[in-house]
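Trainee: Here's the letter readout for the chains.
2 protein chains.
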Amino acid sequence: MATNSNKEEPRFDPNFTQNVINAMGPKTSPRMREVMTSLIQHLHDFAREIELTVDEWAEGVALMNWAGQMSNDRRNEGQLVTDVVGLESLVDEITYKKASEATDYATQSAILGPFFRHDHPTREKGSTITFNTPEDAQVVYMYGVVTDAKTKKPLAGATIDVWQASTNGLYEQQDEKQVDHNLRGKFVTDENGEYAWYCIRPTPYPIPFDGPAGKLLQVLDRHPYRPAHIHLIVMLDGYKPITTQIFDKDSKYLDDDSVFAVKDSLVVEFTERKGDSEAKYELKYDISLAPNNDTVAEGTLLAGSGAISNP
Amino acid sequence: MATNSNKEEPRFDPNFTQNVINAMGPKTSPRMREVMTSLIQHLHDFAREIELTVDEWAEGVALMNWAGQMSNDRRNEGQLVTDVVGLESLVDEITYKKASEATDYATQSAILGPFFRHDHPTREKGSTITFNTPEDAQVVYMYGVVTDAKTKKPLAGATIDVWQASTNGLYEQQDEKQVDHNLRGKFVTDENGEYAWYCIRPTPYPIPFDGPAGKLLQVLDRHPYRPAHIHLIVMLDGYKPITTQIFDKDSKYLDDDSVFAVKDSLVVEFTERKGDSEAKYELKYDISLAPNNDTVAEGTLLAGSGAISNP
Numbered sequence: 000m001a002t003n004s005n006k007e008e009p010r011f012d013p014n015f016t017q018n019v020i021n022a023m024g025p026k027t028s029p030r031m032r033e034v035m036t037s038l039i040q041h042l043h044d045f046a047r048e049i050e051l052t053v054d055e056w057a058e059g060v061a062l063m064n065w066a067g068q069m070s071n072d073r074r075n076e077g078q079l080v081t082d083v084v085g086l087e088s089l090v091d092e093i094t095y096k097k098a099s100e101a102t103d104y105a106t107q108s109a110i111l112g113p114f115f116r117h118d119h120p121t122r123e124k125g126s127t128i129t130f131n132t133p134e135d136a137q138v139v140y141m142y143g144v145v146t147d148a149k150t151k152k153p154l155a156g157a158t159i160d161v162w163q164a165s166t167n168g169l170y171e172q173q174d175e176k177q178v179d180h181n182l183r184g185k186f187v188t189d190e191n192g193e194y195a196w197y198c199i200r201p202t203p204y205p206i207p208f209d210g211p212a213g214k215l216l217q218v219l220d221r222h223p224y225r226p227a228h229i230h231l232i233v234m235l236d237g238y239k240p241i242t243t244q245i246f247d248k249d250s251k252y253l254d255d256d257s258v259f260a261v262k263d264s265l266v267v268e269f270t271e272r273k274g275d276s277e278a279k280y281e282l283k284y285d286i287s288l289a290p291n292n293d294t295v296a297e298g299t300l301l302a303g304s305g306a307i308s309n310p
Numbered sequence: 000m001a002t003n004s005n006k007e008e009p010r011f012d013p014n015f016t017q018n019v020i021n022a023m024g025p026k027t028s029p030r031m032r033e034v035m036t037s038l039i040q041h042l043h044d045f046a047r048e049i050e051l052t053v054d055e056w057a058e059g060v061a062l063m064n065w066a067g068q069m070s071n072d073r074r075n076e077g078q079l080v081t082d083v084v085g086l087e088s089l090v091d092e093i094t095y096k097k098a099s100e101a102t103d104y105a106t107q108s109a110i111l112g113p114f115f116r117h118d119h120p121t122r123e124k125g126s127t128i129t130f131n132t133p134e135d136a137q138v139v140y141m142y143g144v145v146t147d148a149k150t151k152k153p154l155a156g157a158t159i160d161v162w163q164a165s166t167n168g169l170y171e172q173q174d175e176k177q178v179d180h181n182l183r184g185k186f187v188t189d190e191n192g193e194y195a196w197y198c199i200r201p202t203p204y205p206i207p208f209d210g211p212a213g214k215l216l217q218v219l220d221r222h223p224y225r226p227a228h229i230h231l232i233v234m235l236d237g238y239k240p241i242t243t244q245i246f247d248k249d250s251k252y253l254d255d256d257s258v259f260a261v262k263d264s265l266v267v268e269f270t271e272r273k274g275d276s277e278a279k280y281e282l283k284y285d286i287s288l289a290p291n292n293d294t295v296a297e298g299t300l301l302a303g304s305g306a307i308s309n310p
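Chains A and B supply the protein sequences, listed in that same order.
All residue numbers for the first sequence refer to numbering that gives the first Met the number 0, where the first residue is 0 and numbers rise by one.
All residue numbers for the second sequence refer to numbering that gives the first Met the number 0, where the first residue is 0 and numbers rise by one.
It is worth saying that the hints were derived from the structure and are not from the lab.
Values in this document were obtained by computation on a predicted structure and should not be read as measured data.
Hints may contain errors.
Result set (DMTMM-like, lysine to aspartate or glutamate): computed pairs, CA atoms no more than 20 Å apart in a straight line [stated by the list, open to error]:
hint, chain 1, residue 1, chain 2, residue 2
1, B, 97, A, 189
2, B, 262, A, 277
3, A, 97, B, 255
4, B, 97, A, 12
5, A, 96, B, 50
6, A, 96, B, 255
7, B, 97, A, 8
8, B, 96, A, 12
9, A, 97, B, 58
10, B, 97, A, 44
11, A, 26, B, 220
12, B, 96, A, 8
13, B, 97, A, 50
14, A, 26, B, 275
15, A, 96, B, 220
16, B, 96, A, 50
17, A, 262, B, 220
18, A, 152, A, 44
19, B, 97, A, 236
20, A, 96, B, 48
21, A, 96, B, 54
22, B, 97, A, 48
23, A, 152, A, 189
24, B, 262, A, 189
The shape of chain A in the complex, shown without the other chains (with noise of 0.2 Å):
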């Protein structure tokens, strides 16, 4: 549809671009100027490329408008619309590269979700964070060790934050059935830099269906289907966090995944656990994290109002 049969002139203004750009002021940071110049050539270069026109722009405002007034406090619509084109995922990527550069041996880390919580209760080691545990749901003893991913040593006093939805599909913020923090809870590694607890084996669910999200995966005509996991956080003083999510193998979407968060690296093998009339599996996931040499670079592009973080 692009292609032009008069070459010598070009079919849109070829200078529109490089005025939008040339628009900054001598005041923009570097970073933003950095960031901005690419996204405009690349939000124009898209434009121009399938030609969009003006109701089908109108149609995408429309949809950006409507996440955001979707979003609340236990809610990111937004976030969403960008998890199910891969943006998110893709972001996780690129940072985990940039801040491991110097040392190769760190957990991947794979996306957020929108279902943390600040506030994890600190729980004992080898406790449970199932409290309203369905008929259906299969306890596991989750266990392992937190290693110097340089020294191999174990390193006492990381803090693991762990969260999952039940068998229903629904984190407990979402399901008025279950207990405040079920599910969720926050764990200090020993001096063997061990950890352990109990959990539910995770089962696959939807994302939120109901919003712009669930009407671009509609229209694109894909499952909203995560695959079963286990969502992590794990934190030391002196080492880059991580902030991950674990896949149970035999789940299924583990190809096709609503998120795109799935890195083989990341999937595990959940084993028959005998001798514990508590758990009818186990899995053993030791972790490794990366000393924290550099400074880590906070998000500062809109920096010197409260107002972007909270609107």
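Take the given structure of chain A and dock chain B to it, following the hints.
Mentor: Frame of chain A, contents of chain B only:
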């Protein structure tokens, strides 16, 4: 930053983007597939090119949600965010290029802007649209003829919607001190294709600066001003409708319109008017309409639910 010393091995997963594109199912419409293939490719290329971090992506998501939360019946902040990066002007150029490819002489279009109303009262030829004329306003007699772009013959019965801001930079729906429908109206060309009205000479004004579009302008070190302009929509059955803005040749900001809508062919000259106690200036502006041979494509990328157009 994105350079890689080891050219054998790509810096990021080389299959990721194609995997996301391939996730589209067979029932995706051909146009949606075309649009999303290009959008996903450009979004991912953008993220890789500038190595977008998770924190920066989260700032962008928050900006997008903020735009939706600020939008309502009287304000479209999502639109404004895309306007300040030139996207509405670009899709306008693309759309009218596509629509007018059969004829070369139709009046050029410009963006609609967020202040149009669908219920303009029809007014008599030669009457006024200024009912609360401020002291610093200069009244203009604007007139001209609407013709067929091919035959050059005058077109009777064409409707012209006109709207403009007052000298304080506000459209009537933004300003309690202006009467309903001040500085807007709908006119119909007479048997000679002629139209005429009294309006005010337009003045520059800033776009709303208190939301994400304003925030973006601020961090890009750009001003929010638009050059002085009058909005017009011209329609007649059997002809392609035109949405346009005309710009005062003597206005500031012609070269740095905050939404990049100025085209040379839309810059007009107001001249002194003699022998009319009602108006100090006059503007003769003729408009040519291209016959409509094609079916106009509607925006139907997300068709199948009323939720997009009316969230």
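Trainee: If a hint holds in the structure, say so; if it doesn't, say that too.
Mentor: Structure-based check of all given hints:
About 67 Å separates the Cα atoms of residue 97 of chain B and residue 189 of chain A, which puts this hinted pair outside 20 Å; it is violated. A hinted pair counts as satisfied when its Cα atoms are at most 20 Å apart, and residue 262 of chain B with residue 277 of chain A does not qualify at roughly 74 Å. The hinted pair formed by residue 97 of chain A and residue 255 of chain B fails the criterion: a straight-line CA distance of about 37 Å is larger than 20 Å. With a CA separation close to 14 Å, the supplied pair residue 97 of chain B and residue 12 of chain A stays within the 20 Å bound.
The suggested pairing of residue 96 of chain A with residue 50 of chain B holds, with an alpha-carbon distance near 10 Å, which does not exceed 20 Å. Restraint check: the Cα-Cα separation between residue 96 of chain A and residue 255 of chain B comes to about 39 Å, which exceeds 20 Å; the hinted pair is violated. Taken as a hint, the residue 97 of chain B and residue 8 of chain A pair is honoured in the structure, with Cα atoms around 16 Å apart against an allowance of 20 Å. Our distance criterion of 20 Å between C-alpha atoms is met by residue 96 of chain B and residue 12 of chain A, whose separation comes to about 11 Å.
A hinted pair counts as satisfied when its Cα atoms are at most 20 Å apart, and residue 97 of chain A with residue 58 of chain B qualifies at roughly 19 Å. Under the criterion of a C-alpha separation no larger than 20 Å, the hint pairing residue 97 of chain B with residue 44 of chain A is consistent with the structure, at around 17 Å. Annotation: proposed proximity of residue 26 of chain A to residue 220 of chain B holds, straight-line Cα distance about 6 Å (limit 20 Å). Between residue 96 of chain B and residue 8 of chain A, the direct Cα distance comes to roughly 13 Å. Compliance with the 20 Å bound is thereby established for this hinted pair.
Restraint check: the Cα-Cα separation between residue 97 of chain B and residue 50 of chain A comes to about 8 Å, which is no more than 20 Å; the hinted pair holds. In summary, the hint linking residue 26 of chain A to residue 275 of chain B is not supported, as the alpha carbons are separated by about 49 Å, beyond the 20 Å threshold. Between residue 96 of chain A and residue 220 of chain B the alpha-carbon distance is near 31 Å, which puts this suggested pair outside the 20 Å criterion. A distance of roughly 10 Å separates the Cα atoms of residue 96 of chain B and residue 50 of chain A; the hinted pair therefore holds under the 20 Å criterion.
Annotation: proposed proximity of residue 262 of chain A to residue 220 of chain B is violated, straight-line Cα distance about 40 Å (limit 20 Å). Simply put, residue 152 of chain A and residue 44 of chain A have alpha-carbon atoms about 50 Å apart, too far for the 20 Å limit, and the pair is violated. Between residue 97 of chain B and residue 236 of chain A the CA atoms are separated by roughly 58 Å; this puts the pair beyond 20 Å, and the hint is violated. For the hint pairing residue 96 of chain A with residue 48 of chain B, the CA-to-CA distance comes to about 14 Å; that is within 20 Å, so the pair holds.
Using a Cα cut-off of 20 Å, the hinted pair residue 96 of chain A and residue 54 of chain B holds, with the two alpha carbons roughly 14 Å apart. This hinted pair checks out: residue 97 of chain B and residue 48 of chain A have alpha carbons roughly 13 Å apart, not beyond 20 Å. Annotation: proposed proximity of residue 152 of chain A to residue 189 of chain A holds, straight-line Cα distance about 13 Å (limit 20 Å). For a cut-off of 20 Å, the pair hint linking residue 262 of chain B to residue 189 of chain A is broken: about 69 Å separates their Cα positions.
Hints 1, 2, 3, 6, 14, 15, 17, 18, 19 and 24 from the list above are not met by this structure, while the remaining hints are.
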